[in-house]
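Chemist: We have chain C already, so just place chain U on it with the hints.
Sequences listed follow chains C and U, in order. When we follow this note's numbering, the leftmost residue of the first sequence carries the number 444, and every step to the right adds one. When we follow this note's numbering, the leftmost residue of the second sequence carries the number 444, and every step to the right adds one.
Please keep in mind that the hints were generated in silico from the structure rather than gathered at the bench. On a predicted model such as this, the values are computed, not experimentally measured, just so you know. There's no promise every hint is true.
Each pair may be met inside one copy or between any two copies, as identical chains are not told apart.
List time: in silico DSBU-like cross-link candidates among lysine-lysine, alpha-carbon distance up to 35 Å [to be verified]:
hint, residue 1, residue 2
1, Lys704, Lys653
2, Lys771, Lys797
3, Lys785, Lys771
4, Lys704, Lys777
5, Lys511, Lys583
Number of protein chains: 2
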Amino acid sequence: MPARLWRAGVTSYTCDLKREGMFVFSASVHRRSLVVTLLAVNFVVIACISALAQSDSLPSWNDGAAKKSITDFVSRVTMQGGADFVPVEQRIATFDNDGTLWCEQPVYFQVAFAFDRVKAMAPQHPEWKTTQPFKAILDKDMKALAASGEKGLLQIVAATHSGMTTDAFSKAVLDWTASAHHPRFNRPYTELVYQPMLELLAYLRANGFKTFVVSGGGVEFMRPWMEKVYGIPPEQVVGSSGVVKFQIGTDGKPSLLKTAKIEFVDDGPGKPVGINRFIGRRPIFAFGNSDGDLQMLQWTAGAEGPRFMGLVHHTDAEREYAYDRQSKIGKLDKALDEAAAKGWAVVDMKRDWKTVFAFEP
Amino acid sequence: MPARLWRAGVTSYTCDLKREGMFVFSASVHRRSLVVTLLAVNFVVIACISALAQSDSLPSWNDGAAKKSITDFVSRVTMQGGADFVPVEQRIATFDNDGTLWCEQPVYFQVAFAFDRVKAMAPQHPEWKTTQPFKAILDKDMKALAASGEKGLLQIVAATHSGMTTDAFSKAVLDWTASAHHPRFNRPYTELVYQPMLELLAYLRANGFKTFVVSGGGVEFMRPWMEKVYGIPPEQVVGSSGVVKFQIGTDGKPSLLKTAKIEFVDDGPGKPVGINRFIGRRPIFAFGNSDGDLQMLQWTAGAEGPRFMGLVHHTDAEREYAYDRQSKIGKLDKALDEAAAKGWAVVDMKRDWKTVFAFEP
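In isolation and in its complexed conformation, chain C is listed as follows (with noise of 0.2 Å):
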């Protein structure tokens, strides 16, 4: 993983300057004045903006509309002086998580957790053996499970997502993506990551933007990884939640209890007020791959000024998956037909993905 993102973060940050052909610049250091090192300074940073606008920060996508309304759209909010200039700090870009970021299939990877979790936690629970739909997960009976619905999976996750301490959850999630894989592509969950993603959060970055996820995904599921695999941090993570109680021990050490009460799903109309509510700007770069990030997108394009609205439609039944209108998990309707009526980026996985993912041979 820090392998894929250093790759994203050396195409981005260092300013091949060479490969570009461009000026190189060195600088002798004398006693003088600190006034002309700092006006140095930035010369060599303008020479590495300007470098970067050049070179290909996204060398994982392919050459096509999609590509060229992110490009073309960075280049008008970062051109000072420009009609469309953006103010550095106004640069807020959002990305849902679950199919816009790493993979959602066969099934959300917090569900695949939760799972895993109940065999983990099992020899705790003498009474699972007996008790649907815990049963069901221990006996790998899967009509059984689905017999349960939705019901028994917010038993699950209840039972897997509660009653410890936050710190006691986030090593939890820490050893589940150390040792769990993907069914299909026998690798750690962390690596069904989308290279062309990364490379994409890294390249706003380097363009000023605050990179942010804002994912139906419970924020306490995604925080441990988040850092190193996307390089955005716990504080830049927004996401559904479980009431918190904060409580101090018998030992005079205050600690963070998760209670089974649900407090806030940051899905559909609940991202906008998610958005308003931990970052309180209003962003003007969002995607994400399905209905449930309609109303983030619409909160996007809602306001004046350059707005950039793309969805990733997972066309590769090969490399990824294949799914749209008719999935349960990501289903991707409205938001489609949304899209091909304001004219917003749609990035077709199979047409506009040079890699999926790192580990493509």
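Modeler: Only chain U this time, still in chain C's reference frame:
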């Protein structure tokens, strides 16, 4: 305000090398090698950091235990290779707002805002002329207002903080900060910010800290002006909030409607909960001034590694206000005892601050 912030920023960022008699560097720019330039840049950055460490970044603080505890802590956690070194991404600093960054007397400024809003909104609410608690405000009848108690206050807050879009509310806040004056100091409320704390915020940021506000105040009341006044962007402001609803108007434009339902109270045990929810990392540096900040300080203190916990003690009736254990606003009692027991820093405003407000003669 910008002048004040600028001053604090300049102190922290420009590395007044001449005054410190340190080496001053210059760089001449040649075509040679980017690597040399980057090394030179690093060299300048290191020189700046080292100058920073020695120059006085906190000129409005008198020399003494409080100031020393701050600079000692920052030196320890920023010393590369030192036992207490903390990586930049973990340098999270949280500040209460009312009574910590700005004044909170004779009433919380958000309450003053709510009262002023009642007057401003009265023409659209003729019924308020005869309905308490609104009548009391319009008649300046402090006795009747007091008699309406907490219930009355909640009614006033609900009437002035909901039933409008987040954009309209933000505008109302900015109009108020531009026009309303503090009853004693006859200055805009946003000038009632503590100069030593502005310097502290800038000093921490210059040392790689990310600074956050974690306040019982309403998040929508704070965000519109804090970036300009404190240099803290909206996404780093944590506060209390009401439920907000996403809606699409008949014109097809999306908006967020503020409702009267309270969603989250970021005070007392709510502060560590808010920190967990919004920041997702434990601070290593926290400052408050009242019992409402106790749990934030306990949470900050309650983990391994170097930690700084500080309280502003209001001891200066002449330049500001003097209050603690008996005060209805900003009561400081249990937290003062715990600070003494645990050796947390207590800033004695009268003794430790050379300047309280930038506008002082």
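Chemist: Check Lys771 against Lys797 for me: Cα-Cα at most 35 Å, and say if that holds within a copy, between copies, both or neither.
Modeler: within (27 Å within a copy, 64 Å between copies)
Chemist: Given identical chains, is Lys785 near Lys771, meaning Cα to Cα at most 35 Å, within a copy, between copies, both, or neither?
Modeler: within (25 Å within a copy, 54 Å between copies)
Chemist: Give the relationship of Lys511 and Lys583 under a CA distance limit of 35 Å: within one copy only, between copies only, both, or neither.
Modeler: neither (46 Å within a copy, 62 Å between copies)
Chemist: Quick one: Lys704 to Lys777, C-alpha cut-off 35 Å, is that within a copy, between copies, both, or neither?
Modeler: Both: 30 Å inside a chain and 30 Å across chains, each within 35 Å.
Chemist: When no copy is specified for Lys704 and Lys653, does a C-alpha distance of 35 Å or less occur within a copy, between copies, both, or neither?
Modeler: both (31 Å within a copy, 31 Å between copies)
Of the numbered hints given earlier, the model fails hint 5 alone.
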